[in-house]
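Asker: Residue-level listing of the chains:
2 protein chains.
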Amino acid sequence: MNSRELRLKNRPTGTPSAADFELVDVTLAKPNQGQLLVQNLAMSVDPYMRGRMRDVKSYSAPWQIGEVMQGGAVGRVLESRHPGFTAGDLVSSNLGWREAYLSDGVGISRIADPVAPPSAYLGVLGMPGMTAYVGLLHIAALKAGETVFVSGAAGAVGSLVGQIAKLRGCTVVGSVGSADKIDYCQSIGFDHVFDYHAGDLPGQLRRAAPEGLDVYFDNVGGDHLQAAIGAMRVNGRLALCGAIANYNATAPVPGPNNLMLAIGQSLTLRGFIVSRHEDLRADFMRDMSAWVTSGQVKYRETRYEGLAQAPEAFIGLFSGANTGKMIVHLAD
Amino acid sequence: MNSRELRLKNRPTGTPSAADFELVDVTLAKPNQGQLLVQNLAMSVDPYMRGRMRDVKSYSAPWQIGEVMQGGAVGRVLESRHPGFTAGDLVSSNLGWREAYLSDGVGISRIADPVAPPSAYLGVLGMPGMTAYVGLLHIAALKAGETVFVSGAAGAVGSLVGQIAKLRGCTVVGSVGSADKIDYCQSIGFDHVFDYHAGDLPGQLRRAAPEGLDVYFDNVGGDHLQAAIGAMRVNGRLALCGAIANYNATAPVPGPNNLMLAIGQSLTLRGFIVSRHEDLRADFMRDMSAWVTSGQVKYRETRYEGLAQAPEAFIGLFSGANTGKMIVHLAD
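Here the protein sequences line up with chains A and B, keeping their order.
Quick note: the first sequence uses my numbering, first residue 1, plus one each step.
Quick note: the second sequence uses my numbering, first residue 1001, plus one each step.
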């Protein structure tokens, strides 16, 4: 079968460009005994992937030059000679950035009884959804009635953080990068939303939460993290999830100049990687599936069409081109 | 009775100087009914007091210009018309920076059955000791066998952090500011000690703890915090206790430029103020009294003599003039 895949061509300096990727035609063999052939329906592009473009040891291994990249994908089994899979099964994998693949089943999970379309398993019911759930409820240990601030509030993770916090009876403040995103966040229940382009983040936070913040869910880093530290109440918790403001930096970025407040305010800053919290997956899938089914949690996708557009979709993450989850749609 | 007290004369910019303090003669009345008269035997100077010289809201209220300063002290009751105290009692208070005081007993605690000389209740058995205990065992949640790094390792807090960690079977790395302090830390059981003046903190830590750090107890901030973040193992914990490197800064100091590692390494940075952990006081007093009595924990003091030397003792904290607890001895 013919397929196409995207390979890493160059390690970018600063913001990635389309020239850093190469689209290549490949031919896949028929499955042997113990193998299955999968057509990807949708693939994920996520900010953390910027780290995999660097040749440094990190929590996810660097992509190799000239090799097909990896990332979340949802696909359908076309043909199976593997006992665990049947043609027609919906499966999730880390074998994105390609239209189809042959697999021995390792790292491939069946999605049984889906409650939402396939691409939702890359977002609200996938890694970003679990990131929001684990970060807010476990890492930041959110309590009912608290005041929560989330940056990147219209993004795949941020939009879910805000909704989960509302379900827990919290006051939710979000920062976004456009008027449309303000509207979107308000439509899903945020109490206060502002556009960070207006500047004066400390003042924005003071106005949105005059009594201060109990929890900050950080997707952005940089000025956002500094402003949040300055706005935290005593015993506040900061879940450090991402720092997209720094991902394309070409030199070390100074940290928050008010980190000393962590002492006087007894703050906890806790970084996390969702893949280290698999023990919470069953809880997450149960709760989030129920919330999506009941309509208590809403989600949105920004879709790019076809594998050739995947680099553009990925690069768009760094200019805020997405509202909700950025998805590359590959097939129906 | 005649006494002397030190008042804040100016709010310093940068490092404090003797001219920021004023030594004043005062006369104390005889105690009325319900009052007691106390002669201070020793008073404490501590790095956190630098914050009280600033006119900013913080966890401890600012000292006021022209008023006598406050701080830890241990004294002896000279005369009591208060039902809770008897002449001869040893008492601790927050009424340091003076030779004697009249009190209605509020905030004064009797030290019953002391296991060490009075000044020890300003150090190993006082606030610094409890800071080490709470920070290491509760905030950083130290586990047996881990690798711990403490900065300011020869100081009042650091020297106890190292010894408590050794009692828990840990490997202990310390940084200090002189060859004498290296010797001192080695004499109390530290496994690796280096002088930070040699530079290359990341390299020093790599050599001292090639497998990385599980816990960092931060008394210093600045380069030390940044180097420690870079050396932490996955799930490492950083207890943020002090940042003496920044206390005299006249402009905001950039934070660690590698704070993003907290995400990939799943680090927890937790600031604390010992006074918010009074629930642990009984545990601390029981354990530390036993360790001091048995000789399992040793302590040292750097003594200045007389109230007039208190400013010099305080200022000396910022140049590392002390090994162990800095004490101003006032009377026997």
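Worth flagging that the hints you see were computed from the coordinates, not collected in a lab.
Here the structure is a predicted model, which means the values were calculated and not measured.
Just so you know, not all the hints are guaranteed correct.
Said to hold, decoys possible - If you want a taste of the chain B side facing chain A, the calculated C-beta under 7 Å gives, among others: (1) Leu1167; (2) Leu1240; (3) Ala1249; (4) Pro1252; (5) Ala1262; (6) Leu1269; (7) Phe1272; (8) Val1292; (9) Ala1321.
Stated by the list, open to error - Partner residues are not named here, just some residues of chain A that face chain B (Cβ under 8 Å, in silico): (10) Gln64; (11) Leu240; (12) Ile273; (13) Ser275.
Said to hold, decoys possible - Lysine-lysine pairs mimicking DSSO-like chemistry, simulated, CA-CA at most 30 Å apart: (14) Lys143/A / Lys1143/B; (15) Lys143/A / Lys1009/B; (16) Lys57/A / Lys1298/B; (17) Lys143/A / Lys298/A.
Virtual Cβ for every residue (Gly too), placed ideally from N, Cα, C.
Asker: Hint by hint, say whether it matches the structure.
Answerer: Structure-based check of each hint:
no., hint, result
1, Leu1167, "25 Å, violated"
2, Leu1240, "5 Å, holds"
3, Ala1249, "9 Å, violated"
4, Pro1252, "4 Å, holds"
5, Ala1262, "3 Å, holds"
6, Leu1269, "4 Å, holds"
7, Phe1272, "5 Å, holds"
8, Val1292, "27 Å, violated"
9, Ala1321, "23 Å, violated"
10, Gln64, "19 Å, violated"
11, Leu240, "5 Å, holds"
12, Ile273, "6 Å, holds"
13, Ser275, "10 Å, violated"
14, Lys143/A / Lys1143/B, "27 Å, holds"
15, Lys143/A / Lys1009/B, "45 Å, violated"
16, Lys57/A / Lys1298/B, "42 Å, violated"
17, Lys143/A / Lys298/A, "22 Å, holds"
Comparing the model with each earlier hint shows violations of hints 1, 3, 8, 9, 10, 13, 15, 16; every other hint is respected.
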